[in-house]
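Mapping the first sequence onto our numbering, position 59 (from 1) lands on 59, and the numbers just tick up by one.
Derived by calculation from the structure, the hints in this document are not laboratory data.
A hint or two may mislead.
Under the rule of at most 27 Å between Cα atoms (straight-line distance), these lysine-lysine pairs were calculated in the DSS-like manner [what the hints assert, rightly or not]:
#1 Lys65 to Lys50
#2 Lys5 to Lys185
#3 Lys12 to Lys110
#4 Lys12 to Lys100
#5 Lys110 to Lys63
#6 Lys49 to Lys151
#7 Lys162 to Lys149
#8 Lys100 to Lys63
#9 Lys91 to Lys50
#10 Lys151 to Lys162
#11 Lys49 to Lys100
#12 Lys100 to Lys65
#13 Lys110 to Lys65
#14 Lys129 to Lys100
#15 Lys91 to Lys74
Between beta-carbon pairs, the in silico distance windows are [unchecked claim]:
#16 Asn2 to Gly128: 20 to 26 Å
#17 Pro195 to Glu154: 27 to 33 Å
#18 Glu15 to Gln81: 33 to 39 Å
#19 Ala60 to Val206: 48 to 54 Å
#20 Val206 to Arg40: 21 to 27 Å
#21 Gln161 to Thr39: 34 to 40 Å
#22 Ile163 to Asp57: 35 to 41 Å
Ideal Cβ positions, reconstructed from N, Cα and C, are used throughout, including at glycine.
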Amino acid sequence: MNNCKPEVVAAKIIELFPRIHQDSDPYRVLVSTVLSQRTRDENTEVASKKLFSVYPDVFAIAKAKPEDLYNLIKAAGMYRQKAERIVEISKIIVETYNGKVPDTLEELTKLPGVGRKTANIVLNVSFGKAALAVDTHVHRISNRLGWIKTKQPEQSEFELQKILPEELWGPLNGSMVEFGRRVCKPVNPQCNECPINSCCRYFSDVQKKR
DNA sequence: AAAACGGGGGC
DNA sequence: GCCCCAGTTTT
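Turn these sequences into a full structure, and let the hints guide you.
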């Protein structure tokens with residue numbers, strides 16, 4: 001790579017590490033995203049499949065006992081609190097929103113267990129809105145590349161929005177996860193096999209130390 | 001600012 | 001065995 005502008009590198013990551021969401025139904029995306037908090041992707045998939053095979057929709061989960069739901073998903077590394085929140089979220093959606101997931105950051109973040117990142121992912125994946133969720137992958141990779149230098153999530157969200165064109169925000173979220181899982185890992189990143197290492201400050205710093 | 005939630009996987 | 005994981009809430 002000879003052009004290392006962030007928007008070019010970001011587009012390359014999106015091209016090389018596409019992410020396909022198996023479901024775009026807002027409710028399922030919301031639940032899967034809550035399940036994905038501090039949890040590896042494989043476990044999230046196992047848990048959401050089990051969950052939806054027993055409780056197909058928001059009305060079923062709203063009526064479920066939190067303990068039953070927890071027993072169903074705990075083998076995939078989920079904790080009790082998450083099961084409780086998912087039931088609570090579902091009740092609110094049924095009672096307040098007539099069974100439909102709200103589509104604004106403000107309303108979404110009022111739901112228990114839904115913070116800024118989760119809400120942004122739902123807005124982005126389900127509602128096609130330009131929203132950049134700065135999760136650990138996006139944060140780590142952006143720092144390694146040298147795009148940002150802050151450690152504060154809110155600040156990095158603001159800075160990245162200035163650096164990257166809006167049309168990349170959506171696809172970048174998922175692609176950063178794939179890229180972060182397979183190459184730009186938290187520990188032992190596969191820098192030698194990394195297709196964009198020539199644009200990476202972390203890689204050039206490591207090279208210099210040898 | 002820090003702890004708690006939590007089992008599974010990488011190392 | 002220890003550390004980390006598409007974070008959020010509570011203390």
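27 Å Cα cutoff - pair Lys12, Lys110: violated (35 Å)
Proposed proximity, Lys100 with Lys129 (alpha carbon, max 27 Å): With a Cα-Cα distance of about 17 Å, the restraint between Lys129 and Lys100 holds, given a limit of 27 Å.
Holds or violated: Lys12 to Lys100, with C-alpha atoms at most 27 Å apart: Distance of about 36 Å is beyond 27 Å: violated.
27 Å limit on alpha-carbon distance, applied to hinted pair Lys49 and Lys100: Holds. Lys49 to Lys100 sits at ~21 Å (cutoff 27 Å).
27 Å limit on alpha-carbon distance, applied to hinted pair Lys49 and Lys151: Between Lys49 and Lys151 the Cα gap is close to 34 Å, so the pair fails against 27 Å, i.e. violated.
Status of the given 35 to 41 Å range, CB of Asp57 versus CB of Ile163: This hint holds: roughly 39 Å between Cβ atoms.
Pair hint outcome, Lys110 versus Lys65 [Cα-Cα no greater than 27 Å]: holds (22 Å)
Pairwise hint evaluation, Lys65 against Lys100, where the allowed Cα distance is 27 Å at most: Holds. Lys100 to Lys65 sits at ~21 Å (cutoff 27 Å).
Holds or violated: Lys100 to Lys63, with C-alpha atoms at most 27 Å apart: With Cα atoms ~16 Å apart, Lys100 and Lys63 stay inside 27 Å; holds.
Distance restraint between Lys5 and Lys185, which requires alpha-carbon spacing of 27 Å or less: With a Cα-Cα distance of about 22 Å, the restraint between Lys5 and Lys185 holds, given a limit of 27 Å.
48 to 54 Å as the expected CB spacing between Val206 and Ala60, which holds or is violated: holds (50 Å)
Restraint check for Lys65 with Lys50, where alpha carbons must lie at most 27 Å apart: holds (15 Å)
The structure shown violates the earlier hints numbered 3, 4, 6, 16 and 21.
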